[in-house]
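**Q** Letter by letter, the chains look like this.
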Amino acid sequence: MTAGGRPVRVLLVIETRALTKRYGTRVAVDRLSVLVRPGRVTGFLGPNGAGKSTTMRMLLGLDTPSSGSALVNGRDYRALQFPLREVGALLDARAVHPGMAARRHLEWLAASNRLPRRRVAEVLSQCGLEDVAGIRLRHFSLGMRQRLGVAVALLGDPPILIFDEPGNGLDPEGVAWVRRLLPALASEGRTVLVSSHLMTEMAMTADHLLVIGQGQLLAEATTAEFIAASGEPNLEAAYLKMTQDAGQYRASDMEQ
Amino acid sequence: MALRAVVHAEWIKLRSVRSTYLTMACAAVLGLGLGALDTASVAHHWAGMTAQGRAGFDPVGDSFTGLVFAQLAFGVLGVLAASTEYGTGMIRTTLGAVPRRGALFAAKAVVVGALSLLLGEVFAFGAFLLGQFMLAGSHLNVSLTDPQVLRAVSSAGLYLSVVALVGCGVGALIRHTAGGVAAVFAVIFMSWPVARAMETWSYLPDRLVLSNAADVIGQVHAASVKPRLPTLGWAYLDLLLYCVLALALGAWRTTRDP
Chain D
25 MTAGGRPVRV LLVIETRALT KRYGTRVAVD RLSVLVRPGR VTGFLGPNGA
75 GKSTTMRMLL GLDTPSSGSA LVNGRDYRAL QFPLREVGAL LDARAVHPGM
125 AARRHLEWLA ASNRLPRRRV AEVLSQCGLE DVAGIRLRHF SLGMRQRLGV
175 AVALLGDPPI LIFDEPGNGL DPEGVAWVRR LLPALASEGR TVLVSSHLMT
225 EMAMTADHLL VIGQGQLLAE ATTAEFIAAS GEPNLEAAYL KMTQDAGQYR
275 ASDMEQ
Chain R
11 MALRAVVHAE WIKLRSVRST YLTMACAAVL GLGLGALDTA SVAHHWAGMT
61 AQGRAGFDPV GDSFTGLVFA QLAFGVLGVL AASTEYGTGM IRTTLGAVPR
111 RGALFAAKAV VVGALSLLLG EVFAFGAFLL GQFMLAGSHL NVSLTDPQVL
161 RAVSSAGLYL SVVALVGCGV GALIRHTAGG VAAVFAVIFM SWPVARAMET
211 WSYLPDRLVL SNAADVIGQV HAASVKPRLP TLGWAYLDLL LYCVLALALG
261 AWRTTRDP
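Each protein sequence line maps, in turn, to chains D and R.
Using our numbering, you'd call the opening residue of the first sequence number 25 and step up by one each time.
Using our numbering, you'd call the opening residue of the second sequence number 11 and step up by one each time.
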């Protein structure tokens, strides 16, 4: 069955299979196997150095896995002809040319994936950047760059979205905007994976959680289940308890 | 066909940053200005010049004096097209949109090559016409229809494009603007004294020096008067060699993780 000449996508998922990344002797991601499903916001939690960003970089073809696989829509990211139409990502809002205006930044991205030019105006408006579209990015605050990063992720209207710390540098209005945006995107049937260290924000936006520590999966549950299972009153306390235990778990695991 | 989309994107990038306009403005001022000064000086002093001085005069080559400096701007243009991606971190956004790294580097080379060839030819023909205008008063000028002249002028433009492509390859290889620029300067200028130092043993290094190849293809006098210089065929081979080597290294490095 096809729609508009393209096969209807049935696999709108992010999947890793025994995904492993080693840097020398250090293992950043250790046999990680997860499945991120559509229609809900999945929070990706873990301490600094747990392997969240490395996992996301491998999903986006920026880092090559040492072994295992990272798949989007069942395929290797690097095999996608027009990836922005399938996966939108915000990894690092600073990854822009400071001498380029915001609109131009979106224009080259649109051209690279043959996206209609109207999408540039649409995402500028959606992210509240119309008034600053002509300003060079060196003059953008981190919060404005963050909004531009979200605009880049939404540019190809992709069914899969990956955000690494989307609230970084945003003002309270921006934080509230992201809090509304993520569930809205998920309710449209998209697959949304978000990493964050802000537990109160995660508690409000994420339906489902993946918690990793030292490159390994520590827990996978709905947010409510995760808190309930910990016996703690809120997500922050539950998370801290879990990641604290993680170190001890690993120490005994090493003896094998 | 997807490559065309990537070429389009790279073209938008290149024309959206100030450095492109700055480097090419520098190339225009230096390339045309210094050539005009040099030819005006020759025309002015011609009556008092020795026979040896007159024999060394090349009406085409002398109009290209400024291109020696313009080539640096072309080299910088090429380096920047590749290196700023890494310096700014934009490469992560770029690879997110264009994960096929070979296609990305190919598109960059196509855009840098095309723009530099176009502008290189504009500057070469501009410098030639300006130089001939300066020489016309002393009747030292030549015409594009004279033997070898069209070849020499168009080759000078081609050479500028080769320098830009070498810069693009080196910029992608080194991933650092200052380092890339220094390396291109070294390739262009430092190789010359090194080759001269080895002349006692062989003329081969001389014949492999890029700036010697540029001198040979950009003049109408037969190069055979100086045995240490490459022949015309050698000189074109040199251009090809530098281009292929730099682009191969740049393409290889681009396929490595950022």
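No wet-lab data here; the hints were simulated from the structure.
Idealized CB from N, CA, C, for every residue including glycine.
Careful: at least some of the hints might be erroneous.
Stated by the list, open to error - Covered, in the sense of this in silico footprint (three residues per stretch, anywhere, with C-beta under 8 angstroms from a C-beta of chain R), are these stretches of chain D:
(1) 45-52
(2) 84-92
(3) 98-104
**Q** Mind checking, does the segment 84-92 of chain D have 3 or more residues with a CB under 8 angstroms from chain R?
**A** Satisfied; 5 residues make the cut.
**Q** Count residues of the segment 45-52 of chain D with a Cβ under 8 angstroms from any Cβ of chain R, then say if the count reaches three.
**A** Check failed, 0 qualifying residues.
**Q** So is the segment 98-104 of chain D in contact with chain R by the C-beta rule, three or more residues under 8 angstroms, or is the coverage claim wrong?
**A** Satisfied; 3 residues make the cut.
Violated hints amount to a single one, hint 1; each of the other numbered hints is respected by the structure.
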